[in-house]
Amino acid sequence: MTTRRLKASLKGWGGVGAMAVACTLTAVIALPPLTHAAQDGSTGVGGPGVATGLQTKAEKCTAPEDQSPPPSGADGPTITAIKNRVGDKRKLVIGVDQNSYRWGYRDPNSTKKTSELEGFDIDLAHRIAEEILGDKDAVVFRAIPTNQRIPAIQNGDVDMVVRTMTITCKRLDEVAFSAPYFQTGQQVLAPKKSTIRGYDKSLADKRICTAATSTAYDTLTAGKTKGDLPGSARVFTVPNQLDCLVRLQLGMADAVVTDGALAAGQAAQDPTVELKGDPFTEEYYGVAMKKGSDDLVRRVNQVLVDYRNSGGWQESYNKWLAADLGPSSGPPAPKYK
Amino acid sequence: MTYGGGQVTYPTKGSAAPPGPPTPTVPAVPSQPGPVATPTPAAAPAPPGRPETEPPRRTAFAEGVDQLRAAATTEPGRLRIIGAALALLVVAFGAVTAWQMADRSAAADDVLHSSQPLSDDAANIYRSLADANTTASSGFLAGGEEPAETRARYERDIRTAASLLVTAAANSEPGSPSADSIAKLNKLLPEYKGLIERARANNRQGFPLGGAYLRYANNKMQEEMLPEAERLYLKENGRLLADYDRATPYPWAAIGLGVVALGALGWAQRRNYRRTNRVLNRGMVAATAASTVVLLWVTVGHTVARAELDSSYDHGVRSLNVLHAARIASLKARGNENLTLVSRGAETVQQDGRTKDAYDVEFQKQMAVLDTRLTEAKRLADDQAGSKPVAVAAGSMEVWQSRHQEARKADDSGDYQGALNKVIGAKADKPTRECFDSVDEELDAALVQEGKEFREAAGDGRSAMNGLPVGAAAFAVLGAAGAVLGIGRRLSEYR
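Protein sequences appear in the order of chains W and P. For the numbering used here, add 1 to where a residue sits in the first sequence, where the first one is 1. For the numbering used here, add 22 to where a residue sits in the second sequence, where the first one is 1.
If you're looking for bench data, these hints aren't it; they were derived computationally from the structure. Please read these numbers as outputs of a predicted model, since none were measured by experiment. You may find that some hints are simply not true.
Restricting the straight-line Cα-Cα distance to at most 16 Å, the calculated cross-link-like pairs of lysine to aspartate or glutamate (EDC-like) are [to be verified]:
| id | chain 1 | residue 1 | chain 2 | residue 2 |
| --- | --- | --- | --- | --- |
| 1 | W | K90 | P | E428 |
| 2 | W | K202 | W | D138 |
| 3 | P | K206 | P | E252 |
| 4 | P | K431 | W | D255 |
| 5 | P | K378 | W | D158 |
| 6 | W | K90 | P | D405 |
| 7 | P | K410 | P | D374 |
| 8 | P | K474 | P | D404 |
| 9 | P | K242 | P | D267 |
| 10 | P | K452 | P | E478 |
| 11 | W | K137 | P | E252 |
| 12 | P | K242 | P | E252 |
| 13 | W | K84 | W | E119 |
| 14 | P | K387 | P | D404 |
| 15 | W | K90 | P | D374 |
| 16 | W | K194 | W | D255 |
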């Protein structure tokens, strides 16, 4: 009697066991793609990681800096709308940075007795306003943090962003870029006495600061998966690249990774830090505009051509950047789509 | 006069008897010579039919009750019980009055000298910190070398905050949430100051790094220090309200006991009158008089104190709270106005489907708070001296709003310098700075005025309770003595 009941109950459990095995098998077969997808989706604000982005667009997007339409001086709907603004509003609204030394910043000791922003990006912004609206001061500067550059364009808060913004394939999905106007590459910045030698194993166990949603952040994340960056390196983000220098000085970070052009600006503000190693990426800065405003993009490309040919670019470079970055042979040669 | 010969019940073996009945305490019958009335149950005239033999074991309590019952059958015994009960009631009345009024008086003292000043201090800590932060951002807007006036104001704010923290620390209980907040603020203040100095040093060299330090310091202030200071203020304000709650309730226990004592005295005198036909028993009259004095004193004194304390709350504390809130709102508004220009649209929020500058949205919110608080303060101000500064502040606030609109218009059309002049510029630019300063000064004047009114009313309330605890105790002792003497006089008639 007892044995029989035991057998019967065992049989019952056998059924359950079989079901469990079946379920597990199904899960094992079905889940991997799911978890994979979840991992891709969870890379956060930046969306899918750079590596994946490059892979999926491998055929379409190999050189994001060469995707801009050819220059043209013709007006289109976007430019007409800007020109039709009346009175005080007849100005270009340009998103810039006010924290990037030599690029877009406010000199508190300016002898001009004004509080205007100045720098390499600001010169370019004035030049674009001059060519489109005929007045180099017909511009409203909006200081925007790194992670607000794309939303600001998409929401129409600004007409364009001239703010050390790297042209990437991922960003090309969200905004339109002009032809490149500057070439740089990411570099490591650390105290002179630090053991960090560059973008290599010496970053193991170090705290690395970078700006949120910057290309440097994407590169570091991808570098960890690829093995370029030791897994023990801890990457954290702040709203602006300059905030990283604050963290470095306060001992909350061991190294900063950002574009060499900006890192040089940081080194210029603190003689105890220096650039470590060579640039480990190739980056091109472009003017970002709303996707679909083709006429404005072409027009800005035309401004860039004129800017280069008139010597304006070189003049601005010599004024702002030559001291920190050394002499330049001019802007990158544009290739259009 | 049914029991003419009370002596009959006196036992002969009194010395060997168990301790007397619990009620007639020794002082109750001072003139009583020798052993007190301790009739054993056997000696007492037992009810008819009751067996002569006792049960073998009885509890002390049951024996006491029996003794009491036995005593109650004779007039002297009853008198002793009544005398003891009266004395006890009057003494209890006095003790409870002294205790309750000492407690209320101490609470009123705390309101006046401890919790209100501390609550004020906490509000000033918050204000100084917020003002320091706002001033620092103004100095940043002004450029590399900040105006001496701005610097002096910033330094004064930091000094004020630091010294008020010391006072607050000395008055907080170790381990309390207030002490915790104070400790955190004490730790954060030098950190904040250090960051501002770094910001200054970099700003002087023309580095945008100064602005980055200012943002970092501002975050520390907004996200760590001000919330902590607000917690401290709420704690101290809670303590003030608790002290009010301790000081103002009627001492019902004392009043109730007083009424019972007076009733008992009245009953005893009426009984005395009915048995002896004597109208006045001097001792009991004195006891009644003393109890009446205490009862009237405690009722009237506390009513006056309560009225003054309530008035100090309604016209002092509430006004002060509203004025502090208004001042903090104006400071926050000013800070946000500055940050609108410091950040240049770097922070945005979505509102009503439109993208707006986050700091300007916050500015408008704080101005609305300021408006509400000023209206409230005007309503609460009960005299010319209190309402005038509030009215002037309200006028300045309106000018501030209109000038602010001009500044925003200039900034939105790309005239940053124009906007800057409209906010921190010289007198000729008609900047909002003047309006803010005016609001701040007038609110300060109103705070001083309401603080004075508070201290007057609370001081009056506190002094209405002066001497009450000691007086009540003294009168109660007198009353109890009177009752005992009065009864003792009657009792001696039986000897």
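Each hint, compared with the structure:
1. W:K90 x P:E428: Judged against 16 Å, a Cα distance of about 15 Å means the pair holds.
2. W:K202 x W:D138: Distance ~48 Å between K202 of chain W and D138 of chain W Cα, so the pair is violated.
3. P:K206 x P:E252: holds, 12 Å
4. P:K431 x W:D255: Given pair K431 of chain P, D255 of chain W is violated - Cα atoms ~44 Å apart, limit 16 Å.
5. P:K378 x W:D158: holds, 9 Å
6. W:K90 x P:D405: violated, 50 Å
7. P:K410 x P:D374: Since the Cα atoms of K410 of chain P and D374 of chain P sit roughly 38 Å apart, the hinted pair is violated (cutoff 16 Å).
8. P:K474 x P:D404: holds, 13 Å
9. P:K242 x P:D267: The hint is violated at about 36 Å.
10. P:K452 x P:E478: Status violated; Cα separation ~40 Å.
11. W:K137 x P:E252: violated, 48 Å
12. P:K242 x P:E252: holds, 14 Å
13. W:K84 x W:E119: Violated, at roughly 25 Å.
14. P:K387 x P:D404: Judged against 16 Å, a Cα distance of about 28 Å means the pair is violated.
15. W:K90 x P:D374: Distance ~22 Å between K90 of chain W and D374 of chain P Cα, so the pair is violated.
16. W:K194 x W:D255: holds, 11 Å
Hints 2, 4, 6, 7, 9, 10, 11, 13, 14 and 15, counting from the list given before, are not met by this structure.
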